[in-house]
Amino acid sequence: MQTSYRSSARILLPVRPWFIACSLAVALLLNLLPTAAWPGLPDWLALVLVFWSVREPRRVGMGLAFLAGIAMDVADAGLLGQHALAYVLAVYGGGALSRRILWFPLAQQALHVLPLLLLVQLVQVAVRLVAGADFPGFGYFLGPLLATLLWPVLTFALLLPQHQPVDHDANRPL
Amino acid sequence: MEHQPPPFFKRGPAPLALLSFYVAIAVALLVIDARLQALDVVRQALSLFTHPLQQLAHLPAHSVAGAGDYFVSLAHLREENARLQQARIEKATTLLRTQQLEVENERLRKLLGVRERQQASGQVAQILYAARDPYTRRIVIDKGQQDQIAAGLPVIDDAGVVGQVTRVFPFVAEVTLITDKEQAVPVQIVRTGQRSVVFGLGNGQLELRFLPANADVQNGDVLVTSGLDGIFLPGFPVARVVHVERDTSYSFARIFCMPLAGVENFSEVIVLEQRPPVALPTELTPAAGGREAKAAKSTQARKKRLRRD
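Quick mapping for you: the protein sequence lines, in order, are chains A and B.
Numbering-wise, the first sequence is residues 2 to 175 according to our numbering.
Numbering-wise, the second sequence is residues 799 to 1107 according to our numbering.
I should point out that these hints are in silico values taken from the structure, not numbers from a laboratory.
Treat the hints with caution; some may be incorrect.
[Stated by the list, open to error] Residues from chain B that face chain A, not an exhaustive set, calculated with beta carbons under 8 Å:
hint, residue
1, Tyr820
2, Leu844
3, Thr848
4, Gln924
5, Asp931
6, Tyr933
7, Thr934
8, Arg989
9, Gly991
10, Glu1043
[Stated by the list, open to error] From the derived model, a few chain B residues whose C-beta atoms are all more than 12 Å from chain A:
hint, residue
11, Thr891
12, Gln921
13, Ser1024
14, Phe1050
On a predicted model such as this, the values are computed, not experimentally measured, just so you know.
Note that beta-carbon positions come from the ideal geometry of N, C-alpha and C, so glycine has one too.
Take the sequences, apply the hints, and build the full model.
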């Protein structure tokens, strides 16, 4: 667990590795839902990867991001390596910013995360434009905006298993 | 002053080194995939892991659709049934004569000594979903290597050409739609018999390119496959011309078409079988080319030897 803005208010339990794995698997499944008709949906896997890279930079690193990206590339019928490149860059950014981000309140944390998620989309657009595809339209960049709005909700949901019961003891107040 | 960290602070390679390592691998993969198209085996192997996950993810959508089908009203089904009956009877006149015509055509062709037309045959496949990649127009069907699907096979539905199989996985295959930006189909205009090539535009439309500004093309002209590519059988409807722009400052007309098949709908398609390869002229066959190249090489070698002597 890292020092954070609210660490004085609430001490979190250490994270369980299987919970990280489960959350990543659920995000991958959400990404695989047949949602090709709605281009504005967030990239769940990128969001969860960035979340854990900020919270637990020593557990969720670039290797995991690379594997997740390759899985997305195969499932997505895109170029092999396009998601991998984007996720690796975003997770590097998340890890590098993790010491800074957690000192801010949630709204400002979300503002830090927005550029990372935009980077994920921008890298993919750049790769595909170089490979000869058309610009997919600005609806493609709605996903990161939506994902940024979801950051506080996601923080609450993914940190729930680490919350301790609020149990005030008169003799040992901590 | 350099400090060596104690061993329990060691965290593996520096993040920047790791980053450059992974970025290098990703870029190499991208280049190999985009330029050399040499990673299909890797894709097939990886799809063995992602395919079950995808099936799991599509379960809710399929079950919702299935439940929707179950509760379709009786009135709707009756209406559809009546419509289909009507269509069947309307088509019966042409269909009944088609058999006779085919037999007659076969006989005439034999008389003329022309090779017989190939019968179209194929297998029905279900469209599973549209690929999530927003840059391409692709669909995934539920037949793969298990069903002898190969890359390059043409795909049609009940109204016309849908696309072409581009990647095959063990259980599924990817079909690039004719509306994809990188897909081209050789076609013939039914009314005039003129041949051309129709290209996808990436926005659900097609464009007939490289026809002169005064070409005889009208709105409503139907394009069918010309069969010159050796992949599509001739005569399958492809598209209908919807808009012709003739600008005298350009030498070509801009002709926009809409696909006739339900290209972007979810339904069933037919994957046609491979056409027998069209025989190339003798001077173009690889064996002859190889012999020529070898002959050229040997003459060069002989010249070199002569010079050396």
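Do the numbers back the hint for Asp931(B), that is, is its least Cβ distance to chain A under 8 Å?
Check passed: Cβ of Asp931(B) comes within 4 Å of chain A, closer than 8 Å.
Would you settle whether the hint for Gln924(B) is holds or violated, based on the nearest Cβ-Cβ distance to chain A being less than 8 Å?
violated, 14 Å
Hinted contact Glu1043(B) with chain A - closest CB pair below 8 Å
Since the shortest Cβ distance to chain A is 20 Å, the answer is violated.
Regarding the hint that Arg989(B) lies at the interface with chain A, is the smallest CB-CB distance below 8 Å?
violated, 31 Å
Proposed interface contact between Thr934(B) and chain A, which counts if any beta carbon pair is under 8 Å
holds, 7 Å
Hint check: is the beta carbon of Tyr933(B) less than 8 Å from a beta carbon of chain A?
holds, 4 Å
Given Gly991(B) as an interface hint, is its Cβ closer than 8 Å to any Cβ of chain A?
Violated, about 33 Å.
Taking 8 Å as the limit, does the beta-carbon of Thr848(B) come near enough to a beta-carbon in chain A?
For Thr848(B), the interface hint holds, since the closest Cβ of chain A sits about 4 Å away, which is under 8 Å.
Hey, is Phe1050(B) genuinely clear of chain A, shortest beta carbon separation above 12 Å?
holds, 21 Å
Non-interface claim for Thr891(B) versus chain A (Cβ beyond 12 Å)
Label holds. Min Cβ-Cβ 39 Å, cutoff 12 Å.
Does Ser1024(B) sit more than 12 Å from chain A, CB to CB?
holds, 26 Å
Does the no-contact call for Gln921(B) survive, Cβ to all of chain A over 12 Å?
holds, 22 Å
Hints 4, 8, 9 and 10 from the earlier list are contradicted by this structure; the remaining hints agree with it.
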